[in-house]
Every structure is written in structure tokens, then in C-alpha cells.
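**Student:** Sequence:
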Amino acid sequence: MFLNAAWRFVSTSEYRLYFLAAVVFGTWLLSWLLGHSLSFFQNSDSLIECGLDYTGRTHEPFALQVASQLFYIVTGPRDVAEVYRNVATLSWDGHLSQILSNFGFTGKALKLAWHIPIPGDKCYMHKNPVNPKQLSLVKLIEEVYIAQLLPGVHMTEMSEKFIFSLKDSLQPLKMDFCTFSRNGLTRRVSLKALCRSTLVEAATFSMFDKALHRLNPNIVENMLDFNDSAWMVFFGLPEIFSSKVANARKTMQKTMAQFARLPESERIGQAWGIGTILKAQEIVGIDIDSRACMLLLIYWAANSNEYNISFWLIAHLVYNAPLMERVHDELEAGWKDGDLDIKYLCANSPNLDGAFQESLRLNGGAMMSRQVKQPTMIGDKLLQPGSNVLMPSRQLHMNESVWGQDYKNFDAERFVRDKGLLKHSSYRPFGGGISYCPGRVMAKEQVYAFVAIIFRRFDVKLAPGINGKFPILDESTPSLGITGPVKSMDVFMDLTERDKLNQY
Numbered sequence: 001m002f003l004n005a006a007w008r009f010v011s012t013s014e015y016r017l018y019f020l021a022a023v024v025f026g027t028w029l030l031s032w033l034l035g036h037s038l039s040f041f042q043n044s045d046s047l048i049e050c051g052l053d054y055t056g057r058t059h060e061p062f063a064l065q066v067a068s069q070l071f072y073i074v075t076g077p078r079d080v081a082e083v084y085r086n087v088a089t090l091s092w093d094g095h096l097s098q099i100l101s102n103f104g105f106t107g108k109a110l111k112l113a114w115h116i117p118i119p120g121d122k123c124y125m126h127k128n129p130v131n132p133k134q135l136s137l138v139k140l141i142e143e144v145y146i147a148q149l150l151p152g153v154h155m156t157e158m159s160e161k162f163i164f165s166l167k168d169s170l171q172p173l174k175m176d177f178c179t180f181s182r183n184g185l186t187r188r189v190s191l192k193a194l195c196r197s198t199l200v201e202a203a204t205f206s207m208f209d210k211a212l213h214r215l216n217p218n219i220v221e222n223m224l225d226f227n228d229s230a231w232m233v234f235f236g237l238p239e240i241f242s243s244k245v246a247n248a249r250k251t252m253q254k255t256m257a258q259f260a261r262l263p264e265s266e267r268i269g270q271a272w273g274i275g276t277i278l279k280a281q282e283i284v285g286i287d288i289d290s291r292a293c294m295l296l297l298i299y300w301a302a303n304s305n306e307y308n309i310s311f312w313l314i315a316h317l318v319y320n321a322p323l324m325e326r327v328h329d330e331l332e333a334g335w336k337d338g339d340l341d342i343k344y345l346c347a348n349s350p351n352l353d354g355a356f357q358e359s360l361r362l363n364g365g366a367m368m369s370r371q372v373k374q375p376t377m378i379g380d381k382l383l384q385p386g387s388n389v390l391m392p393s394r395q396l397h398m399n400e401s402v403w404g405q406d407y408k409n410f411d412a413e414r415f416v417r418d419k420g421l422l423k424h425s426s427y428r429p430f431g432g433g434i435s436y437c438p439g440r441v442m443a444k445e446q447v448y449a450f451v452a453i454i455f456r457r458f459d460v461k462l463a464p465g466i467n468g469k470f471p472i473l474d475e476s477t478p479s480l481g482i483t484g485p486v487k488s489m490d491v492f493m494d495l496t497e498r499d500k501l502n503q504y
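Just so it is clear: in the sequence shown, position 252 is 252 by my numbering, and no numbers are missing.
Think of the hints as simulated: they come from the structure by calculation, not from any bench. Please read all numbers here as calculations on a predicted model, not as lab measurements.
In silico DSS-like links for lysine-lysine, alpha-carbon gap of 27 Å or less:
1) Lys-210 - Lys-343
2) Lys-461 - Lys-408
3) Lys-111 - Lys-133
4) Lys-487 - Lys-244
5) Lys-343 - Lys-167
6) Lys-210 - Lys-279
7) Lys-279 - Lys-161
Could you put together the complete structure from these sequences and hints?
**Tutor:** Printed below as a string of C-alpha cells:
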């Protein structure tokens with residue numbers, strides 16, 4: 001089926017929005033029914049870029065019709081900041097409810113999750129040790145997230161377990177899963193495979209210890225299969241569109257239900273946040289299957305970004321020898337008496353920081369969202385209730401008026417030269433407002449630890465004669481975070497084992 005885009009301009013009685021109408025050649029009825037759905041799901045980035053071109057790249061809001069939903073696309077830095085500030089008429093809670101529903105957390109469970117306990121309720125507990133503020137379950141989980149993921153004892157415990165798993169996985173004898181060939185102490189590896197399996201393994205261990213592996217030895221592979229098409233679940237597409245993601249989801253939900261049924265004595269080693277959420281769900285009266293759905297959502301969220309950003313960061317290092325040399329010196333300085341001081345590394349690595357932030361800018365594809373509850377002015381546009389606001393980070397990060405004419409190019413020194421860019425409203429790798437990602441600090445520690453251990457244990461080089469041009473960003477499906485490379489593309493590296501003294 002050949003697609004084309006014909007643009008038309010729609011005016012309201014008082015305010016106007018640009019509205020994009022996709023036309024499918026020979027299938028006018030389908031176009032009328034689906035609006036921009038086909039174009040959005042086939043290449044959302046390209047569709048949004050067409051909208052920007054049509055509006056003269058002024059970055060004023062425009063609208064897209066995706067199936068039955070109207071989305072206002074907001075890409076101007078000032079407009080985005082206004083959306084984040086407006087918590088009165090633009091709702092994060094409505095968006096969160098939709099995500100929970102799409103993951104199977106529906107009906108009575110969803111109603112209970114938003115209920116604020118009051119005396120006399122079955123779910124009310126006087127001096128509740130898990131929920132002393134008597135918050136709704138959803139709001140309690142948001143607080144648990146913050147306590148678990150922001151710097152503090154709980155984050156430190158989780159980060160230490162993550163690094164322990166990395167050290168265990170990144171041993172030569174355990175790396176056959178990503179190895180294509182060997183020659184003495186040198187092995188040729190797939191960077192994509194190395195990042196995917198190692199980082200999901202580490203996240204699994206840091207959250208659930210070994211319990212999930214005991215229940216389901218294939219849990220890491222299940223998560224990778226699910227994550228490749230998780231956008232279908234996120235946007236509520238029927239499972240018939242992908243049996244692979246449906247099967248992975250059902251398998252993991254079964255595993256999570258089994259985990260939720262385990263006595264606490266068999267969940268020793270789980271992250272504090274996981275245990276607290278399970279206790280809170282039990283007090284509220286959430287059924288086991290719904291508890292499993294929420295655990296799966298939390299598990300997926302922990303695995304949706306790290307391996308892709310690690311891929312891009314390391315790819316830029318091995319393709320840029322001078323940069324890699326500067327970063328290597330910083331990585332070595334992070335090792336103290338044979339152990340990795342991750343706090344020091346994260347605070348004293350300007351070249352690594354610059355490459356990391358620029359990798360986030362170029363490859364961040366998340367679409368932050370809000371539901372419009374009441375008529376709302378953003379800029380000079382009136383947003384109507386019942387619709388949704390999408391703020392695609394990629395268009396923020398590619399705004400030529402902010403980032404200059406070289407906005408498409410990787411510049412490892414961009415954020416080193418101008419640290420003010422880190423706080424610019426057009427730089428949103430972790431969202432903003434009340435949905436500002438609390439895991440941003442720990443994510444940085446996890447990625448830096450991964451890079452530091454690899455470069456400590458191996459001499460790392462770009463494999464000669466096998467790599468072509470630098471990998472291209474995969475824009476074929478909607479992104480929920482850091483976008484990976486085109487599926488057929490990879491980076492192959494030669495890793496040569498260093499002295500055994502470096503095997504910490």
C-alpha cells in the first residue's frame with residue numbers, strides 16, 4: 001500500500017491549529033477511519049517532522065488524529081515548559097491510568113488503586129506502616145519510586161547489586177552469548193547483544209535478586225522480546241498485531257504472579273521498593289493478577305532505556321579514537337584500590353558526561369504525554385478536553401534554533417562547552433514536571449559502571465574490516481525512550497582480555 005500525505009488547514013471559530021490529514025491512495029475510507037494511525041505507527045518521527053515542515057518549522061502546536069484519539073503535538077520549548085507547569089487542566093494521572101489499563105491493570109483493581117483510604121474502608125489501616133500518609137495506591141507507589149531511585153540508602157543498595165551483576169556477567173568465560181569468534185585472548189563481539197542481555201540481567205537481579213530466574217530461567221529473553229514491541233502495549237494495540245510481544249507478556253505476567261504469591265522469606269534480596277509495593281497492594285486488596293500486571297510495568301520501565309543508551313555511548317567511543325582516549329583516562333581514575341568508585345566516576349568525568357548527554361540528545365525518542373481535562377491555552381492555541389498532548393523529545397532535541405545548524409551531528413563537547421544546555425527547556429531526556437524521571441541518577445550510574453567495567457577488563461577496539469558506517473537510528477516504530485539502531489545494524493568490537501589484576 002502506497003502512502004502519501006496531503007495536508008489541509010483547519011480553523012476553529014476563534015483559534016486555529018494545524019491539522020494533518022493522511023491520505024491512503026485508493027483507500028479513502030480507511031484513511032477516514034484511521035486518520036494518521038498508519039503513518040504514526042510506521043514512522044511517527046517522520047510524520048511529526050512533516051507537521052513541523054507544514055507549519056513552517058515555527059514549533060507551534062498542531063494536531064494528529066490517531067485512530068479514535070486526537071493528539072496535540074507540542075514541540076516549542078516554552079510551550080513544553082507551560083504544559084509541565086499546568087497541573088490543573090493537563091493531567092498526568094489520566095495518562096497514567098491509561099498506561100495501567102493497557103498493561104492489564106483494569107476494572108476493580110484500577111478503581112482501588114486510585115481510592116484514598118478513609119476510616120471505615122476495608123483498605124484503611126490506622127497508623128499504616130506502609131502508607132502512613134494514607135495516600136491512594138498510585139500516589140504511594142510514586143513516592144516509593146522516588147525513595148527507591150533517588151540518591152539514598154535504597155538507591156545505593158540497588159546500584160551495588162546492579163554493579164555486582166555486571167561484574168559477574170562481564171567475565172570472558174560468560175560472554176559467549178555475544179561472541180562471534182575468538183582468537184587467543186581476543187573475542188569479536190556484538191555490541192548490541194552485549195548491551196541488551198547484560199543490562200537486562202543486571203536490572204533483573206537488582207530488583208528481584210535470583211527469584212525471577214528460579215521461576216522462569218528465560219525471563220531476560222522474555223523481556224527483550226517484549227521490549228522490542230512494547231510500544232504496541234503502551235499505545236493499546238490489539239495483541240493480534242504481534243504474537244511475539246503477546247506471548248512474552250503473558251509469560252512474564254505468569255512469572256510475576258508466581259513471584260507475588262511467594263512468601264516474603266522466598267523473596268529475600270528483592271529491592272526495598274518491590275517489597276513495599278507488594279505489601280501496599282495486599283493491604284488495598286488488589287488481586288494477584290493485577291499485582292502481576294503492575295510488577296510487569298515496573299520491571300519493563302526499568303529495562304526500557306539503559307541498553308540502548310549504552311549501545312550509542314560505546315559506539316561513539318569506539319568510532320572516535322581521540323574521544324575514547326580521553327574517556328579511558330577518566331574511567332581508569334574511577335577505580336580505587338581495584339574497586340569501582342561509581343560516585344567519583346559520575347562526578348569527575350567531563351568527557352564521558354559530554355558524550356553521554358549528547359547520546360541522550362540524539363537518540364532520545366520518548367513522547368511525554370498529558371490528558372486535556374479542560375479547555376487550555378498553550379501559546380496562542382486552544383486545546384480541547386478529551387484529547388491528549390504529546391511532547392516528543394526528539395523534536396525538542398533537534399530544534400535548530402536551540403542547537404544550531406549542526407543539530408543532527410554528534411558533538412561530544414557540546415555540553416562541555418555550555419553546561420547551561422543541561423537545564424534548557426529544549427533538553428528533556430528524562431521528561432519533566434511531576435513526571436520527571438526519578439531514576440535519572442541511578443541510570444547514569446548503571447551506564448557508567450557498564451562502560452567502566454568493560455574498558456577495565458578489556459582492551460576495546462572497533463573490529464576492522466567488518467563495520468560499515470556509523471549505525472542509523474531506528475525510526476520505524478514509535479519510541480518510548482532511548483531509540484535503538486536499525487534492526488539490521490550493529491557494532492562489532494574486538495575485546496582483548498587485560499591482565500588478571502583488572503578482573504575486579
